[in-house]
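> Residues per chain are reported as follows:
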Amino acid sequence: MRTGRLVVTVSFLLALLGCYTVLKHPEVRPEGEAEAGRECWRCHEDYRLERTYYYPRLYDYWDRLPYYSRGYYERWWYYNEYPWWWDRYYYYDSNTQTQQEEQKPQEQKVEEKRPSGRREGFYDLEPKVGREPQAPQVRSKPVLRKAPSQTKSSEDSSKSSGSSRRKRPSRRKGMR
Amino acid sequence: MRKVWFTVVLVSVWVGEASPWEEITVDRFSGLGARAMGMGGAYMAVAEDFTATYWNPAGLAQIRRFELYGGLCQRQDAATVSFYGSPWHDSLTRTTSDPLGMVLPVPTYRGSLVFSVGYLPVKVFDNLFGVKGVSRESGRYKEGRAEDEGGLGVYTVAGAIDISPSTSLGATLEIWRGSDSFSQELFSRSLSSATWSEIKQGLGSPQDTSVSYYKLEFEDRYSSFGVKVGALFRMVGGFRAGLAVSSPVHLKVEEDWEEARDDTVDSGSFSYHVHLPWTIDGGISWTAPGLATVGVGISYSDWTQTRYDESPEEGITNEDFRRRYRATTRLHLGGEVLLPIIPVRVRGGYYRDPIPFLGPREEGGPKVEVVDERDYWTFGVGVLIDKVLSLDLAYVRGKFAQEEGSITEEHKLTRIFLSAAYRF
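Chains as they are written, first to last, in the working numbering: chain A, 1 to 176; chain B, 1001 to 1424.
Hints are computed from structural coordinates only; laboratory data are not their basis. There may be inaccurate statements among the hints.
[Unchecked claim] Per label pair, the in silico range of CB-to-CB distance:
1) W85/A to P1354/B: 54 to 60 Å
2) W86/A to E1313/B: 43 to 49 Å
3) G1237/B to W86/A: 23 to 29 Å
4) E1219/B to K24/A: 24 to 30 Å
[To be verified] According to the in silico footprint, chain A covers these stretches of chain B (three or more CB under 8 Å from chain A):
5) 1114-1121
6) 1157-1165
7) 1337-1351
The beta carbon of each residue, even a glycine, is placed where N, CA and C say it ideally should be.
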């Protein structure tokens, strides 16, 4: 009898080892973006199957419901299907975003500021008092000049994103 | 000397009747959960609330919100006994707590992981029997009543997990606790001159030549551990299939008893074990989302495999379980319909719960002939209040009748389940 119980317990635990249930989202590394994408598709495809193929739920036929019954069915859906942690994550995400914005380091904000004020250099003034002279930015890799007829490459577009430390030139610099 | 011999004969007759051999822990399904019972107990492949801990623990994986569950149940047994043609009638009503528990779903990105803790009343011993009339066998007038009151419940910790998009597994760890109070009183008096046929024809009158009194009371306390594992498979088109297996339960019984015969009183206490067999439950359900759910379920137990480690009564052996019991398969059918406009579910169902005891209660006695199997019809209604509170009510009506020689026993059983499930 004890052997039987042991077999049942061990079988149950073994079944859990290769478990489908995921408590934490797998880490997605930027360098493996292509592979990660496929992984996401596989997981979320399963989830779609779970909802629509194995056990149809309300949101799969939501569009077919008359508008006046949606509130009625939504009530059941909320009771039976809506995970409690979805509320929490929505709240958590929005809250975290706000917190992150508030807690951004001052240096980062400085870096994002425009390097120069309006009409910088128009009047050949000395730098403002208390402001450190800006060191010239050195690019790690020179950007090749493209022919005018060529479209902008993805590499260029990534270099010109806001995350780059390269600061844009002043407006109308040298126009005078 | 003659008086002594007569007393010995009387006592031997009474003891035989006072200790009918039937193990109370065998069978005794009484149902639990208002939604489940409203659907006739066809809940093995539905199992969408805390009572899944009992019906099929894998069903817990379907619950996405915290749930607090509680309920009440009122049970009434109205018994009518025909004792050699003389009627006896009485009823017993008890209100007990239905399942009480909490469901705790763990946040997941995929699949489901859910735990629960709580209490489930799984067996109800309430039972009533009585006689009033002249026994054709002993030729004595008898009047008496026997009553069981109590039940078995399990304190549970359960968990369920999705192991694939279509499959959930679950397990319930059970701590069994319970009690049974049995009491019986029997008055008996001999008929001096009139014969049975004369009394039946109204020609003779019973004369009180010897009045005797017999009383037996005992209090049993039960404790044990058990495990139930289950699986739930979600199939194409809203079909679900459920399977659950309950491990054998080794119940430890501690008993205090007291017996009184006329002017002598005897008492004692002892303990023994009852080994209850495996139980296998299975079912299929179909859900049309937002419209209806129908289901069918069975529960199989081979009661001939019940065992004592030490017999609670003299002369009883484990061989008696093989001879006097049978395997039973309980059948459940039922469904629910979601009403339009108002958030109300209406339910109906049926279940048949075969009687496993075949008898005889004593050697040489008559076997139990089932006249009417235990058939129950169930009705239920549930309302969802403000998206978070589900109130359910179930009405269960059943009856059965059996015959043992010249004693016919008919029971009308009424059960009302009320439960509330709050999800947040």
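> Are the hints correct? Go through all of them and say.
Here is what the structure says about each hint:
1. Hint check: W85/A to P1354/B, Cβ distance near 45 Å, so the stated range 54 to 60 Å is violated.
2. Range check, W86/A to E1313/B: Cβ separation about 59 Å, and the 43 to 49 Å hint is violated.
3. For G1237/B and W86/A, the hinted distance range of 23 to 29 Å is satisfied, since their beta carbons lie about 26 Å from each other.
4. Range check, E1219/B to K24/A: Cβ separation about 52 Å, and the 24 to 30 Å hint is violated.
5. With a cut-off of 8 Å between beta carbons, the segment 1114-1121 of chain B has 0 residues touching chain A; three or more are needed, and the interface restraint is violated.
6. Look at the segment 1157-1165 of chain B against chain A: 5 of its residues bring a Cβ nearer than 8 Å to a Cβ of that chain, three or more, so the hint holds.
7. Against chain A, the segment 1337-1351 of chain B contributes 4 residues with a C-beta closer than 8 Å to a partner C-beta. That satisfies the three-residue criterion, and the hint holds.
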